[in-house]
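Number of protein chains: 2
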Amino acid sequence: MPSCATIVSPPSYAIPFFTSTSSTSSPTAKLLSKRRWNPLIQTKTMTSLGSKGAVRAGVSIEKETPEAERPETFLRGGDTAEALSSSSSVRARFEKMIREAQDSVCDAIEAADGGAKFKEDVWSRPGGGGGISRVLQDGAVWEKAGVNVSVVYGVMPPDAYRAAKGAAASPDEKPGPVPFFAAGISSVLHPKNPFAPTMHFNYRYFETDAPKDAPGAPKQWWFGGGTDLTPAYIFEEDVKHFHSIQKQACDKFDPTFYPRFKKWCDDYFYIKHRGERRGLGGIFFDDLNDYDQEMLLSFATECANSVVPSYIPIIEKRKDTPFTDHQKAWQQLRRGRYVEFNLVYDRGTTFGLKTGGRIESILVSLPLTSRWEYDHKPEEGSEEWKLLDACINPKEWI
Amino acid sequence: MPSCATIVSPPSYAIPFFTSTSSTSSPTAKLLSKRRWNPLIQTKTMTSLGSKGAVRAGVSIEKETPEAERPETFLRGGDTAEALSSSSSVRARFEKMIREAQDSVCDAIEAADGGAKFKEDVWSRPGGGGGISRVLQDGAVWEKAGVNVSVVYGVMPPDAYRAAKGAAASPDEKPGPVPFFAAGISSVLHPKNPFAPTMHFNYRYFETDAPKDAPGAPKQWWFGGGTDLTPAYIFEEDVKHFHSIQKQACDKFDPTFYPRFKKWCDDYFYIKHRGERRGLGGIFFDDLNDYDQEMLLSFATECANSVVPSYIPIIEKRKDTPFTDHQKAWQQLRRGRYVEFNLVYDRGTTFGLKTGGRIESILVSLPLTSRWEYDHKPEEGSEEWKLLDACINPKEWI
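Chains A and B supply the protein sequences, listed in that same order.
Residues in the first sequence are numbered from 1 upward in steps of one, following this note's numbering.
Residues in the second sequence are numbered from 1 upward in steps of one, following this note's numbering.
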């Protein structure tokens with residue numbers, strides 16, 4: 001399976017996609033912004049640009065349009081006929097799954113916070129699809145909690161498809177634009193109490209169709225995602241609990257999943273210039289398609305359903321623990337590291353920023369507040385030092 | 001003149017350079033870490049790697065070594081004979097200038113702060129040169145003020161030199177490693193009071209020698225730098241004062257400098273994903289060599305000498321102005337933008353992070369504290385809105 005991940009399936013808030021910037025402001029694009037799907041018009045737009053136009057326009061994201069209410073589905077009416085086929089049924093079921101997960105995680109967060117409510121923003125994009133961003137800010141327990149879903153589809157320029165396939169173009173190969181579908185849920189939860197950990201999760205599903213002028217070519221699909229914990233202080237029982245629930249979810253499907261995805265997580269959330277991970281890991285996987293598609297859909301669902309039981313009990317235990325200014329400052333320094341990782345390394349964030357994704361959705365992952373002290377070094381043997389040590393030298397928690 | 005700037009003259013704290021990672025830990029490299037310059041050993045090291053080794057090792061920065069005291073000069077003893085030539089005399093005079101500027105800026109900051117003192121870290125690097133980092137943290141006026149100088153030299157792999165020349169290698173062209181010299185002063189000053197602006201300045205000088213196996217090729221040199229102001233609130237008289245002093249410095253040398261470098265500054269400090277500049281600009285230039293070298297050395301000196309008179313009077317006026325929590329929170333949001341620019345776009349920072357520069361020197365540019373609120377929009381017509389508007393639509397201040 002070729003790896004598309006470096007380009008098209010980032011583990012962050014906005015599911016990026018490939019389209020031409022020029023189409024957004026054209027009269028044709030305005031027609032496309034109507035809900036009703038008209039593949040003829042879209043095809044015409046792309047064709048009129050030609051492959052050269054699409055390549056010149058590069059990778060970009062159309063501007064989103066705010067919507068007054070969330071639709072039943074972000075899939076288009078035109079997909080209904082196709083929806084009977086197994087492939088589009090995975091699309092529909094994945095959207096249903098992430099939207100249910102968004103509801104259940106937000107419900108659990110609101111219940112644990114005990115007062116604050118999520119603010120919801122619904123948006124659509126002219127080219128196809130849209131998203132629901134939910135943010136709870138300055139609650140009793142969380143300083144910032146974002147839980148976003150997006151379901152987007154469109155057409156990749158041929159060059160992006162080639163890059164995704166990882167193959168060089170042969171001189172006589174001229175594939176047309178490639179239809180794609182990407183859907184995901186993504187969330188970062190930053191509590192106020194320095195003993196209550198930050199948690200991030202993201203699950204996503206990606207499909208490409210055959211290039212428009214090569215109808216025989218196979219469709220491709222893959223899953224990605226993960227759930228990871230970022231405390232400022234280590235409570236071993238908390239970290240063990242978190243990793244155990246992740247392992248349980250993995251073990252239901254394949255005994256190799258947890259060790260493999262645990263290491264993948266440690267490798268991914270690495271702040272190279274610091275030589276440390278941003279937190280204590282969890283699971284992470286990408287480009288997963290070398291298993292049964294139904295099995296992976298069930299696995300992603302299981303992972304998303306494990307978010308609340310792996311995290312909320314830890315919050316309940318730590319949210320009211322008294323803390324000092326010193327401990328708060330250390331949490332803020334670790335939040336600074338979170339910012340460094342997300343802005344410098346996270347593929348979804350950096351891709352989203354560079355291609356014009358919905359900035360507020362992408363950067364909701366940043367903490368409300370953070371801190372950088374010059375040359376800060378925790379005292380050897382201190383609780384702060386122990387956390388740093390575990391970020392430098394990842395441990396096996398179970 | 002070819003542009004080397006995207007690779008070798010970043011406007012930030014660590015002056016990066018090209019060398020082979022492998023040479024740092026070799027016994028030969030240890031010999032090189034002695035102060036006495038031995039070109040024979042260095043040449044041998046590079047030759048033993050061969051051009052392929054150097055290319056494979058890629059772009060990297062040697063680890064710095066802490067030093068107990070600052071040396072008289074970071075130039076090597078072996079440079080003394082050469083120092084009589086005009087080229088190395090620019091090196092020596094530029095080092096002298098930036099070290100004097102470091103002293104005078106730090107003195108002015110300490111005097112205005114009225115209590116806090118800079119902490120100094122001196123470091124050297126085995127391959128050649130070193131630096132002096134000075135940081136004042138949690139003072140009465142500044143929450144974080146960093147003023148760094150570095151003077152580094154070494155050898156660029158041939159590929160980096162080719163990239164710097166902007167020319168493709170011809171099949172029979174096999175240039176050897178290229179000696180280079182880079183020196184700079186860089187500073188970011190973040191005050192506590194939201195009415196007192198952040199200021200950044202950076203001045204740098206760069207030279208390459210002829211490739212070792214092409215002694216006839218010309219040496220190349222250029223200057224870069226700038227000074228810019230980042231307030232959270234606009235006091236028109238302050239911004240006019242700041243820009244006037246910058247313009248005065250420019251006008252002493254060329255009437256085209258201020259308008260050209262003012263626009264360059266607005267263009268450079270652009271946070272693309274926000275569509276806004278990080279602040280209200282100043283001057284910025286890079287790759288400057290199409291003027292007399294002595295004239296540009298004088299110009300850089302004049303710019304560095306303009307830092308204190310353009311900035312300190314503003315601080316004196318604003319440092320004790322009473323402010324509300326709302327105004328402090330807005331300053332913190334603008335600090336968040338500063339972090340976004342530096343981590344995502346600033347060439348010096350991103351280059352330094354990716355190549356292993358001295359992290360604490362590079363990231364001292366980040367504010368002590370910063371803030372990100374979801375979808376924050378200042379009320380139209382408010383003071384916060386006016387600042388944002390000026391960051392989105394750069395103005396002519398004088």
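These are calculated hints, taken from the structure and not from any lab test.
Misleading hints may appear alongside valid ones.
[As the list claims (entries may be wrong)] The calculated lysine-lysine pairs, modelled on BS3-like cross-linking and capped at a C-alpha distance of 30 Å, are:
1) Lys-119/B <-> Lys-63/A
2) Lys-219/B <-> Lys-377/A
3) Lys-192/B <-> Lys-328/A
4) Lys-386/B <-> Lys-328/A
5) Lys-377/B <-> Lys-354/A
6) Lys-192/B <-> Lys-192/A
7) Lys-272/A <-> Lys-386/B
8) Lys-63/A <-> Lys-63/B
9) Lys-386/A <-> Lys-240/B
10) Lys-219/B <-> Lys-63/A
11) Lys-119/A <-> Lys-63/B
12) Lys-117/B <-> Lys-63/A
13) Lys-219/B <-> Lys-96/B
14) Lys-219/A <-> Lys-328/A
15) Lys-354/A <-> Lys-272/B
16) Lys-272/A <-> Lys-63/B
17) Lys-96/B <-> Lys-119/A
18) Lys-240/B <-> Lys-354/B
Quick caveat, the model's predicted, so the values are computed rather than measured.
Going down the list of hints, with the structure as the test:
Among the hinted pairs, Lys-119/B with Lys-63/A is inconsistent with the structure: their alpha-carbon atoms are about 47 Å apart, more than 30 Å. Of the pairs offered as hints, the one joining Lys-219/B and Lys-377/A is violated, with about 43 Å between alpha carbons and a cut-off of 30 Å exceeded. With a C-alpha separation of about 19 Å, the suggested pairing of Lys-192/B with Lys-328/A holds against the 30 Å cut-off. Taken as a hint, the Lys-386/B and Lys-328/A pair is broken in the structure, with Cα atoms around 33 Å apart against an allowance of 30 Å.
Among the hinted pairs, Lys-377/B with Lys-354/A is consistent with the structure: their alpha-carbon atoms are about 22 Å apart, no more than 30 Å. The suggested pairing of Lys-192/B with Lys-192/A holds, with an alpha-carbon distance near 23 Å, which does not exceed 30 Å. For the hint pairing Lys-272/A with Lys-386/B, the CA-to-CA distance comes to about 38 Å; that exceeds 30 Å, so the pair is violated. With a C-alpha separation of about 44 Å, the suggested pair Lys-63/A and Lys-63/B falls outside the 30 Å cut-off, and the hint is violated.
Distance hint between Lys-386/A and Lys-240/B is unfulfilled; the C-alpha atoms sit about 50 Å from each other, more than 30 Å. Between Lys-219/B and Lys-63/A, the direct Cα distance comes to roughly 48 Å. Violation of the 30 Å bound is thereby established for this hinted pair. The straight-line distance between the Cα atoms of Lys-119/A and Lys-63/B is roughly 47 Å, outside the 30 Å bound, and the hint therefore fails. About 49 Å separates the Cα atoms of Lys-117/B and Lys-63/A, which puts this hinted pair outside 30 Å; it is violated.
At roughly 22 Å between alpha-carbon atoms, Lys-219/B and Lys-96/B fall within 30 Å of each other, so this suggested pair holds. The suggested pairing of Lys-219/A with Lys-328/A is violated, with an alpha-carbon distance near 50 Å, which exceeds 30 Å. Between Lys-354/A and Lys-272/B the alpha-carbon distance is near 8 Å, which keeps this suggested pair within the 30 Å criterion. Taking the CA atoms of Lys-272/A and Lys-63/B, the gap is about 15 Å. The hint holds against a cut of 30 Å.
Restraint check: the Cα-Cα separation between Lys-96/B and Lys-119/A comes to about 57 Å, which exceeds 30 Å; the hinted pair is violated. Simply put, Lys-240/B and Lys-354/B have alpha-carbon atoms about 37 Å apart, too far for the 30 Å limit, and the pair is violated.
Violated hints, listed in ascending order, are 1, 2, 4, 7, 8, 9, 10, 11, 12, 14, 17 and 18; each of the other numbered hints is respected by the structure.
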